[in-house]
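Engineer: Chains as they are written, first to last, in the numbering used here: chain A, 1 to 195; chain B, 196 to 628; chain C, 629 to 903.
Derived by calculation from the structure, the hints in this document are not laboratory data.
Among the clues, some could well be false.
To be verified - Among the chain C residues that face chain A by a calculated CB cut under 10 Å, a handful are:
#1 F883
#2 L891
#3 L893
To be verified - These stretches of chain C come out as covered by chain B in the derived footprint (C-beta under 8 Å, 3 or more residues):
#4 734 to 742
#5 861 to 875
What the hints assert, rightly or not - Dumping the calculated DSS-like pairs for lysine-lysine here, alpha-carbon to alpha-carbon at most 25 Å:
#6 K172/A - K151/A
#7 K715/C - K66/A
#8 K604/B - K535/B
#9 K617/B - K658/C
By construction, the Cβ of each residue, glycine as well, lies at the ideal position given by its N, Cα and C atoms.
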Amino acid sequence: MSTAEHAETNRRDFLYIATGSVAAVGAALTAWPFINQMNPDASVLAMASVEIDLAPIAEGQQITIKWRGNPVFIRHRLAAEIEAANKVALADLKDPLARNANLPDSDPATDKNRVVGDKEQFLVMMGVCTHLGCVPIGNEGEFAVVEGNEKHGGWFCPCHGSQYDTAGRIRKGPAPENLHIPQYAYLSDTKIRIG
Amino acid sequence: MSGHASNYEPKSAFAKWFHERLPIMDMVQGQALDFPTPKNLNYWWTFGGILAVMLVVQIITGVVLAMHYTPHVSMAFQSVEGIMRDVNSGWLIRYLHSNGASMFFIAVYIHMFRGMYYGSYKAPREVLWMIGVLIYLVMMATAFMGYVLPWGQMSFWGAKVITNLFSAIPWVGDSITTLLWGGYSVDNPTLNRFFSLHYLLPFVLAGLVVLHIWALHVVGNNNPTGVSVKSPQDTIPFSPYYTVKDAFAIVVFFMFYAAWVFFSPNYLGHAINYQEANPLVTPAHIVPEWYYLPFYAILRAIPDKLGGVIAMFGSILILFALPWLDTSKVRSGTYRPIFKQFFWLFAINCVILGFAGSGAPDNYFLSHEPADPDKWALTYKLVGQICTAYYFLHFLVILPLLGLLETPKPLPASISDAVLAKSHPSTAYVPAE
Amino acid sequence: MNLLKTLAIAAAGLVLSLGAVHAETQQNAKDISYSFEWPFGHFDREQLQRGYKVYKEVCSNCHSMQYMSFRNLSQKGGPEFTDEQVKALAATFTVKDGPNDQGEMFDRPGLPSDHFPSPFPNEQASRAANNGAYPPDLSLITKFRPGWYGTINQLINGIGGPQYVYSVLTGFVPDEQLPADVLKEKPEGKYFNPYFANGHWIGMPPPLSDDAVTYDDGTKATVDQMARDVSAFLAWTAEPKMEERKRLGFMVMVFLGILALLLYLVKKKVWADVH
Numbered sequence: 001m002s003t004a005e006h007a008e009t010n011r012r013d014f015l016y017i018a019t020g021s022v023a024a025v026g027a028a029l030t031a032w033p034f035i036n037q038m039n040p041d042a043s044v045l046a047m048a049s050v051e052i053d054l055a056p057i058a059e060g061q062q063i064t065i066k067w068r069g070n071p072v073f074i075r076h077r078l079a080a081e082i083e084a085a086n087k088v089a090l091a092d093l094k095d096p097l098a099r100n101a102n103l104p105d106s107d108p109a110t111d112k113n114r115v116v117g118d119k120e121q122f123l124v125m126m127g128v129c130t131h132l133g134c135v136p137i138g139n140e141g142e143f144a145v146v147e148g149n150e151k152h153g154g155w156f157c158p159c160h161g162s163q164y165d166t167a168g169r170i171r172k173g174p175a176p177e178n179l180h181i182p183q184y185a186y187l188s189d190t191k192i193r194i195g
Numbered sequence: 196m197s198g199h200a201s202n203y204e205p206k207s208a209f210a211k212w213f214h215e216r217l218p219i220m221d222m223v224q225g226q227a228l229d230f231p232t233p234k235n236l237n238y239w240w241t242f243g244g245i246l247a248v249m250l251v252v253q254i255i256t257g258v259v260l261a262m263h264y265t266p267h268v269s270m271a272f273q274s275v276e277g278i279m280r281d282v283n284s285g286w287l288i289r290y291l292h293s294n295g296a297s298m299f300f301i302a303v304y305i306h307m308f309r310g311m312y313y314g315s316y317k318a319p320r321e322v323l324w325m326i327g328v329l330i331y332l333v334m335m336a337t338a339f340m341g342y343v344l345p346w347g348q349m350s351f352w353g354a355k356v357i358t359n360l361f362s363a364i365p366w367v368g369d370s371i372t373t374l375l376w377g378g379y380s381v382d383n384p385t386l387n388r389f390f391s392l393h394y395l396l397p398f399v400l401a402g403l404v405v406l407h408i409w410a411l412h413v414v415g416n417n418n419p420t421g422v423s424v425k426s427p428q429d430t431i432p433f434s435p436y437y438t439v440k441d442a443f444a445i446v447v448f449f450m451f452y453a454a455w456v457f458f459s460p461n462y463l464g465h466a467i468n469y470q471e472a473n474p475l476v477t478p479a480h481i482v483p484e485w486y487y488l489p490f491y492a493i494l495r496a497i498p499d500k501l502g503g504v505i506a507m508f509g510s511i512l513i514l515f516a517l518p519w520l521d522t523s524k525v526r527s528g529t530y531r532p533i534f535k536q537f538f539w540l541f542a543i544n545c546v547i548l549g550f551a552g553s554g555a556p557d558n559y560f561l562s563h564e565p566a567d568p569d570k571w572a573l574t575y576k577l578v579g580q581i582c583t584a585y586y587f588l589h590f591l592v593i594l595p596l597l598g599l600l601e602t603p604k605p606l607p608a609s610i611s612d613a614v615l616a617k618s619h620p621s622t623a624y625v626p627a628e
Numbered sequence: 629m630n631l632l633k634t635l636a637i638a639a640a641g642l643v644l645s646l647g648a649v650h651a652e653t654q655q656n657a658k659d660i661s662y663s664f665e666w667p668f669g670h671f672d673r674e675q676l677q678r679g680y681k682v683y684k685e686v687c688s689n690c691h692s693m694q695y696m697s698f699r700n701l702s703q704k705g706g707p708e709f710t711d712e713q714v715k716a717l718a719a720t721f722t723v724k725d726g727p728n729d730q731g732e733m734f735d736r737p738g739l740p741s742d743h744f745p746s747p748f749p750n751e752q753a754s755r756a757a758n759n760g761a762y763p764p765d766l767s768l769i770t771k772f773r774p775g776w777y778g779t780i781n782q783l784i785n786g787i788g789g790p791q792y793v794y795s796v797l798t799g800f801v802p803d804e805q806l807p808a809d810v811l812k813e814k815p816e817g818k819y820f821n822p823y824f825a826n827g828h829w830i831g832m833p834p835p836l837s838d839d840a841v842t843y844d845d846g847t848k849a850t851v852d853q854m855a856r857d858v859s860a861f862l863a864w865t866a867e868p869k870m871e872e873r874k875r876l877g878f879m880v881m882v883f884l885g886i887l888a889l890l891l892y893l894v895k896k897k898v899w900a901d902v903h
C-alpha cells in the first residue's frame, strides 16, 4: 500500500468514526428528555407542604393524614409508651439508625431521636412499612404497651408480619428499617408543617 | 420474501446456533443490507426512509404523551397544558408530535407525487401502490383523531363536522353518526374512543408498512428512468450506498422539522385550538389542518351534502384505480413530454385546491372580505369547484387519453446506460426500441 | 393621551371608510414590536414584572388565569421573581381550600404551589356580574387570538397575539368620537373597539387609565406602557417555555448542521466509485 493510499484510508476511517460518534452522541442526548419526562413534573415537585394542628389530638390518639400521596401517622403518645421505648437497649434494635429526616443520617435510634425537639409525646412518621410499602396497623403487635384488654402504641404490618415498637422502630419481621420520620418543623407549640 | 439469496454466513458459534433457530440476520442481510437497488435513485427516493423514521418518531412521542394525557372532556385540555408547562421537556415532546404530523404529511405527499411522476404505480407495482394508498387513508384517520385529543375549539368542531359527514349516507347515516359519537353529540365517549383508536392505528400503520416494503422487495424499486433492472450492473447493494444517502436526507429533513418545532411550533396548527372546546359556540371559520384542505375544498365544491361526501371520498379512492387509468406503457415522466406538463398542472391544481379549502366559501379568493353576492366574483367556493373539476378530469380523461395520444421520447437501453450518459454526456448511447 | 386619541380616531376612521359590508371585520392589530420576537428574542424580565402588576391590579378583577401557578412567576425564562417575592405575592390572593375536619371549605392565603384563583366561581356567575359578557381566561389569550391573518403574513410576523391584546387595550373609541350612525347602533353596556375579535362592540369597559397602577421600578404608567407590559406578560403566560425552546432549538440546529455535513462527506466518499 502506498503512502498516499494509506493517508487516504486513514482520512476515510476518521470521517466514518467522527460521523458515527456525532450520531451516537446525538442519539444519547435525544434519549434523555424521553427518559426524564417520567420524573416527577414541576407541579408534583411543588406540591404544598401540609400544616397540621396537634391540639385536637388527645393523649393516646392517633391520626393519619396524606402527604405526597403517602399516609403520615401522627400519634400523641402516652407516658407509658415513651417509657417503654426508652427502656429498649440500642443493641436490641434491628435497625440502630434514627431514620429521621430532620437529623444527620448516622444518629442512633434512641426514642429522643425519633421526634423533633423536646416534644417526645408527638410521634410523626411515615405510615409506610419499610419492607414493601403496606400501611401498618396501629395499637397492635407484640411491642405495644398492654393495659388490661387494651393495647397502646406499637404497629403491626398485616402484609408480612413486621412488628414496630412504640417509637415506630422495627423489632421483628422482614422489614429492614425503622419507620421513616419525614421532614417537619414546629410552627408554634401545637402546629407542625410537614415537608 | 422474494428470491434474493443472502450471502449471510454466521461468524460465531452463537450466531450459527441462533441462525438455525431464527434466521433473522439472514433476512436483514438479504433484504436490508445487500438488497440490490437501482444505482440511479435520486433524492426524491429518500422520502420512503424519511416516512419510516417519522412513523417511529410519532409512535415514540405519542406513547410518551399518553403517559401524561387524560382522555376526559373535563381534563383533556388541562392535561395538555400540564404537559406544556409542568412535565419535564413536555413542551418539546408535544411540539415534536404535533409538528411531526405535518412533517409526516409533507413527506407522504412528496412520496406520492414522486410515485406519480415516475409511474411507480404501473405494472408490476400496482399492489405496492395500493397498499400505499391504504397507508395514506389510515394516516388521515389517525391524524384526524389525534387532532381531537387536545379538546380545543377546533378539535371539537372538526370532530363534529367530519363525523357529521357520515350522516349524509341515506337510510343509515344518522345511526352511524350516533354510533360514532356514542351519544347525541361529540362528547366524552367520543373523546375516549378516539384516544383508543389513535393509539391503535399507528400500529396498524406499522403493519401496513411491513406489507408495503414486502411488496417493494418482491418487484424491486422503480427508478428515475422507469426502465426495469436488466443486469447486476444496474444495481448496487442497499447498504452502504442507500443507507448513508437516506441517513443524510433524514438529517436534512430533521433540520426542516426542527425549525418548525423550535421556532414556529404553532404556525401549522390553528390558533383557536388553544381555546378549550365549547359545545355551545362554533368558531367563525372551521378549517381542517392544512393536509386535509384540498379534500375539504372538494367537499365544499358540491352543493349537495351526499354529493360532496361522495366527491371527497372519491377523490382519494380514485387513487386505487390509478394503475389502470394511466394507459401509457412508459413509466417515467422524464420520457413523456406532454404528461410531464400535465403532471405539474395537476400538482399546482392540488395546491390551489388547498388554498380553496382554507377560506370562507363566500369570501373573495385569498382574501378575508365577503364577496358581493349580487355580482360574479372569484370566491373560495368557485375556485374550489373549478379545481375539483380539473382534479377528476386529470384522472378520468387526461391520463387515459395521454397514454393513447402521446409519443414518448426514446428510452435508454438500461439504467447503466442512462447513468453513463449522464456522467459522460459525450458518450453517445443507442436508444432502445 | 393626545396621541392615543389621534390613533383611536384614525383607526376608527379607517374602519368606517371600509364601508358597511366590512363593518364586522376585525381590524388588524397594531404591529408594535417586542423584545421576545424572532429566534433570538428574550423576554424583558422587568417588563414581565410590570405586566404582572397590571394583571394583578387590573385584569384579575374579572379575568381568570387558571393554567398559571404562583410558582411559575419565579421559574427561569419568566418574570423571575425571587422565591421570597413569590411567597409574598401569592399570599395577597385568597384561595379556597378544604374540606377541613368539619367538612367545610375555607379560605386561606395563597401558596406558591396554588393556581391563580378565578375571580368568579363559574361562567354563569361571571356573566351575571359582567352584564352578560364572559371575560375569557387569559392564560393562553395571546395564542388563541390572532392580531392579523394571512398565510405568509403569519409565517413571518407570527399570529400577533400580544399585539392583539395591546391593540384592544389601547383601541377603545369613546362614544363622543363615534359618528352618529355608528353610535345609534350601540348596544347597552358595550363599548366601541375596532380591534375586538367578535364584532366591534366589546363588553369590557376601557380597563386602563393613566397611573392605574404604580410601577415599583418608577416607570411611568401610561396606558400605552401598561398595555405593552401586560401584553408581554400574557405572551409569557401562554408560552412559558419559550426561552428554553429557542435556546435548545439553536443547539439542535447547530448539531444537525454538523451531522448533515459529515453525512454528506461520507455519502460522497461511499458513492465515489459508483458510475
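Engineer: Compare the structure with each hint and give your call.
Structural biologist: Verification of the hints:
no., hint, in the structure
1, F883, "holds, 6 Å"
2, L891, "holds, 6 Å"
3, L893, "holds, 6 Å"
4, 734 to 742, "violated (count 0)"
5, 861 to 875, "holds (count 6)"
6, K172/A - K151/A, "holds, 18 Å"
7, K715/C - K66/A, "holds, 23 Å"
8, K604/B - K535/B, "holds, 12 Å"
9, K617/B - K658/C, "violated, 55 Å"
The structure is inconsistent with the numbered hints 4, 9, although it conforms to all the rest.
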